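Engineer: Please build the complex by placing chain B on the supplied structure of chain A, with the hints as guidance.
Those protein sequences? They're chains A and B, same order as listed. Residue numbers for the first sequence follow our numbering, beginning at 1 and rising by one. Residue numbers for the second sequence follow our numbering, beginning at 1 and rising by one.
Since the hints were derived computationally from the structure, they do not count as laboratory data. On a predicted model such as this, the values are computed, not experimentally measured, just so you know. Hints are supplied without guarantee of correctness; some may be wrong.
Heads up, simulated BS3-like pairs for lysine-lysine below, C-alpha to C-alpha not over 27 Å straight-line [as the list claims (entries may be wrong)]: (1) K408/A to K104/B; (2) K19/A to K380/B; (3) K399/A to K30/B.
Now the in silico label distances, taken between C-beta atoms and shown as ranges [said to hold, decoys possible]: (4) P61/A to D99/B: 21 to 29 Å; (5) E487/A to K293/B: 47 to 55 Å; (6) K253/A to I493/B: 26 to 34 Å; (7) Y173/B to D470/A: 15 to 23 Å; (8) A176/A to I493/B: 46 to 54 Å; (9) Q31/B to D44/A: 26 to 34 Å.
In this text, a Cβ means the ideal position worked out from N, Cα and C, and glycines have one as well.
Number of protein chains: 2
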Amino acid sequence: MYKDATLSEIESALNQSWKAFHIYRKMSLKQRADFMRAIGREIDNLGDELLYVTQGETNLPEARLRNERTRTIFQLNNYADACERGDWLEARIDTAIPDKNPPKPDLRKMLTALGPVVVFGAANFPYAYSTAGGDTACAFAAGCPVIVKAHPEHPRTSTLIASAILKAAANSYMPAGIFTHLYGASFEVGRTLVTQPFVKAVGFTGSFVGGKQLFDWANQRKEPIPVFAEMSSINPVFLLPEKMKQSAAEVAKMFAASITVGVGQFCTNPGLIIGIDNDDLKFFKNVLSEEIKKTNPGDMLNPGIFKNYVEKRSAVLSQPDVETIAVSGKDPVVNQGVPTIASASAQAFFKNHILHREVFGPFSLIIRCKDTGEMTEVAKQIEGQLTATLMATDEDVKKNPDLIESVKNICGRLIINGVPTGVEVCLSQQHGGPFPATTDLRFTAVGADGIKRFARPICFQNWSNELLPDELKNENPLKIRRTVNNEITVANI
Amino acid sequence: MYKDATLSEIESALNQSWKAFHIYRKMSLKQRADFMRAIGREIDNLGDELLYVTQGETNLPEARLRNERTRTIFQLNNYADACERGDWLEARIDTAIPDKNPPKPDLRKMLTALGPVVVFGAANFPYAYSTAGGDTACAFAAGCPVIVKAHPEHPRTSTLIASAILKAAANSYMPAGIFTHLYGASFEVGRTLVTQPFVKAVGFTGSFVGGKQLFDWANQRKEPIPVFAEMSSINPVFLLPEKMKQSAAEVAKMFAASITVGVGQFCTNPGLIIGIDNDDLKFFKNVLSEEIKKTNPGDMLNPGIFKNYVEKRSAVLSQPDVETIAVSGKDPVVNQGVPTIASASAQAFFKNHILHREVFGPFSLIIRCKDTGEMTEVAKQIEGQLTATLMATDEDVKKNPDLIESVKNICGRLIINGVPTGVEVCLSQQHGGPFPATTDLRFTAVGADGIKRFARPICFQNWSNELLPDELKNENPLKIRRTVNNEITVANI
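Here chain A stands alone, though its shape is the one from the complex (with noise of 0.2 Å):
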């Protein structure tokens, strides 16, 4: 039913997309925003098919989907007020001075757009990384037109969404282009489309494997362009002594939760737990078994992820140092992810990069240390991650500063004393992290500062203030914020 795109497709479709992208840039931002919120009510409008649909293609539960869909439109509605509120473009004008030796022209900068973004939307999130997730928002904020490739693990999905999508465009007089639904489940549409020069950015949620072979085609490229890819992330959780001595039972039940919701398929579900090998770690082992044990297998999203947990979740218990901790005590079915513990010494952890790798799925490893010098240097092996996560109360802080610079290092998203599962969208949130987490460091895919993604500067010297776009015009007729000769003003000029 969903065949690929050919090659003349993709790129007649590029052409349209390139074609609109010099119409909806200079849309103003307000039209941006209203077309973002247009999308997030049509695809409300879509109703509770929507759901029953992703549910066949998903597995996902009624209740996830339907939360999922709030935060789909909620994000939506949020980058397109962060769109209108203008603070993302950092307009920045410094006025001549005519009279300064050499003279100092008028010089005006501000964000624009990229060019059109390839999406590659999420498995484990159909609406909120997928279609119209959070990708497709920023770009369509930042004035990129969007191709999406539909997911091969839920292409009615995508379908409807894209539907959506551009009964929004169509009723907000879009340009044709706006937003593209192809299909693709051959790896050549993706490198079709990352490799067309029309293409000018690239957004992804998913596997490592994936995300880096994006990045090298997008590199390789005559033209290089920018990707921003969301891969692998273990999620390292560090267990520090005062508060395990304090609360090791109830910082067990917090992790045991965190593990196993969703089924562990959070890209930022706590895959490796790091603690001190004393009897807190071992009252900590005992409670956390425990609530393993009790909590259910679940459905996994679809067979290709089943699979792939069930055999690295194998590739690590059948490494000669890991020892079994506590598996599920409900036998599961097909397609069902089994909740498991395992642990190692950290002297195993570094001899094997097995134990690094992460396992999609309700799945953790346990690293026991000597002491915290040792915690210290499994921080410093471990590659960059989306979140990093300390127990700790503050004098486990204050005294251990070498553990918290390394664990620093690695993470973009720093949590004490809560789980890193749950990510709430909002200005301060970063989602993203050192490689292999993403493919850069200095962007985020949460938040409305993720729409920097798809935009550069571009500043104007010496321009009529009539020509200027309204975003660096004296009279200010947007109200946005800007900074005028260093100070932050919403003030004409």
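Structural biologist: Leaving out everything else, chain B in the frame of chain A:
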């Protein structure tokens, strides 16, 4: 005298850098800024000895070097001020909403240093874009230690500047490893530096071949790292018809000066002039020719750049459809660049990629078009540029929206009725642009926004006020501007 650094010297230097990173990045904005200002003072303290050494190495005239030294110290002070002002940190705070469902945690985000930065300086700016130039200043402001590979064409200058930096570092109680100065005429040293794991970013100013090579090495690492390479640019100038009718002679004189200033050795040198083949353009060419004939050849920076100029210039002049319009009336001696203007039709330009290449020196190629439609076609075929210039009346701009849009696509800075040479150091400046002008069009090499090239966001979730960095504490002890619950404020929380 200047021996290439060995692998073990490089490794030991980078170990020091990495250690310094963990101390320096925690130093206050004020300490960083004071250090940067101290570097400026120490460069000043080098006295005129510095100028004489550089003159010997670069052939640049004393007056120019004096100005460039002033500019370099200004940059250090300007970025120091920006560092302390703290807007670049993009501090954002969203306070907790515990009764939200699910509860919203306290999230606080700011930019933090990437890690040790390797800087490769420019031949044509031995101070302002070299050892203590813009990249070094931005990295220090961001909280990064710097490793400079001395430019092989001005190693004595680089050594003197390095001594000033090291003196300032000692007097400012900076950690050992905050700054490292290495020699390396071979490309092996560059490759080793860019591929070492402790190096987390690269700044480069120079040729396309050099910058692209660093970019490729950095992307092929196990952990790819950001490279900001500022490379080639021909800085096209579009002569619009009404403006030409009004003031062809004036425009010609302006550009004769801009093409030949500094013997054409600026990255913003206007190397391509696109006009409509009519009487106004003939008049323009005549006046420009007269000016160029009157301009003497000038000493180029070094034999490599001279040889390159001779070869690239003659490659263009020897193309079948290229006409030589004007050459300086005075014969050059060895190592002198001879001011030259050539001309070709748009059709020849479309067919022959040699006409698109940068000829680094006092050279410009005039492209004759049938009409503004053909000018637009030329704009569409030009690669990414640092700058583009329109010589145009307001009416010209209004009448040619397609041309203006096409020109916007290819440049970082868009000048109207001015020359691209002369790059003001201020926040609104954009010195960057689409590939191949730079390897990352989302950043600038000039102005305090350049600091952000070497920083990444980190988010603190649920931290106690006491443990947060000062930048994010409730009481805002640094009095920086922060976005608190979407409002920009210096107020406490």
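Engineer: Between the beta carbons of Q31/B and D44/A, is the distance compatible with 26 to 34 Å?
Structural biologist: violated (52 Å)
Engineer: Hinted pair, alpha-carbon criterion (27 Å max): K399/A, K30/B. Please report holds or violated.
Structural biologist: With Cα atoms ~26 Å apart, K399/A and K30/B stay inside 27 Å; holds.
Engineer: Should the hint that K253/A and I493/B are 26 to 34 Å apart at their CB atoms be regarded as holding?
Structural biologist: With a Cβ separation near 31 Å, K253/A and I493/B satisfy 26 to 34 Å, so the hint holds.
Engineer: If you check the beta carbons of E487/A and K293/B, does the distance land in 47 to 55 Å?
Structural biologist: holds (48 Å)
Engineer: Checking one constraint from the list: CA of K19/A to CA of K380/B, max 27 Å. Satisfied?
Structural biologist: Distance ~13 Å between K19/A and K380/B Cα, so the pair holds.
Engineer: Take the C-alpha atoms of K408/A and K104/B, compute the straight-line distance between them, and say whether it is at most 27 Å.
Structural biologist: Holds, at about 22 Å.
Engineer: Falls inside 21 to 29 Å, the C-beta gap from P61/A to D99/B?
Structural biologist: With Cβ atoms ~25 Å apart, the hint holds.
Engineer: Starting from the range 46 to 54 Å, see whether the pair A176/A and I493/B falls in it by beta-carbon distance.
Structural biologist: holds (48 Å)
Engineer: Take a look at whether the Cβ-Cβ distance between Y173/B and D470/A falls inside 15 to 23 Å.
Structural biologist: About 49 Å separates the Cβ atoms of Y173/B and D470/A, which means 15 to 23 Å is violated.
Violation of the numbered hints given earlier is confined to hints 7 and 9; the remaining hints are satisfied by the structure.
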